[in-house]
Amino acid sequence: MKRKTDLDMPVGKVRIVKDFLPTPEVLFSGKKVRVTVYLSESSVLFFKMQAKKHHTKYQRVIRELIDHYVQQAA
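Residue numbers (this note's numbering): 1 to 74.
Certain hints may be false.
[Claimed, not checked] 27 Å max Cα-Cα, derived BS3-like pairs, lysine-lysine:
| # | residue 1 | residue 2 |
| --- | --- | --- |
| 1 | 57 | 13 |
| 2 | 57 | 31 |
| 3 | 52 | 31 |
| 4 | 48 | 18 |
| 5 | 53 | 18 |
| 6 | 32 | 48 |
| 7 | 32 | 53 |
| 8 | 13 | 32 |
[Unchecked claim] Computed spacing ranges between beta-carbons, pair by pair:
| # | residue 1 | residue 2 | range |
| --- | --- | --- | --- |
| 9 | 13 | 55 | 30 to 40 Å |
| 10 | 17 | 54 | 25 to 35 Å |
| 11 | 67 | 17 | 16 to 26 Å |
| 12 | 41 | 20 | 13 to 23 Å |
| 13 | 43 | 18 | 13 to 23 Å |
| 14 | 33 | 73 | 13 to 23 Å |
| 15 | 45 | 15 | 15 to 25 Å |
| 16 | 72 | 46 | 30 to 40 Å |
| 17 | 56 | 31 | 36 to 46 Å |
| 18 | 13 | 36 | 27 to 37 Å |
Hint data in this document are derived by calculation from the structure and do not stem from the laboratory. Yeah, the Cβ is synthetic: ideal placement off N, Cα and C, and Gly gets one too.
Could you build all of it, start to finish, from the sequences and the hints given here?
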């Protein structure tokens with residue numbers, strides 16, 4: 001008999017979100033500033049999985065996402 005896990009439980013209404021992440025291959029050459037930010041565990045896990053998929057570091061994926069957002073908002 002199969003054990004139920006949290007993954008087997010309904011999660012509610014699902015919405016497909018267009019992939020808006022920049023490609024990890026894009027290099028950022030500007031000056032970097034160190035910051036401290038607290039993220040949810042699930043967010044960090046998501047970025048780590050994306051980074052692994054593209055053979056890069058998860059911090060870089062987060063940085064590129066923020067830089068891409070700033071460019072779109074400007």
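Item to complete: Check each numbered hint against the structure and report the violated ones by number, ascending.
Response: Result: hints 1, 8, 10, 16, 17 break, sorted rising.
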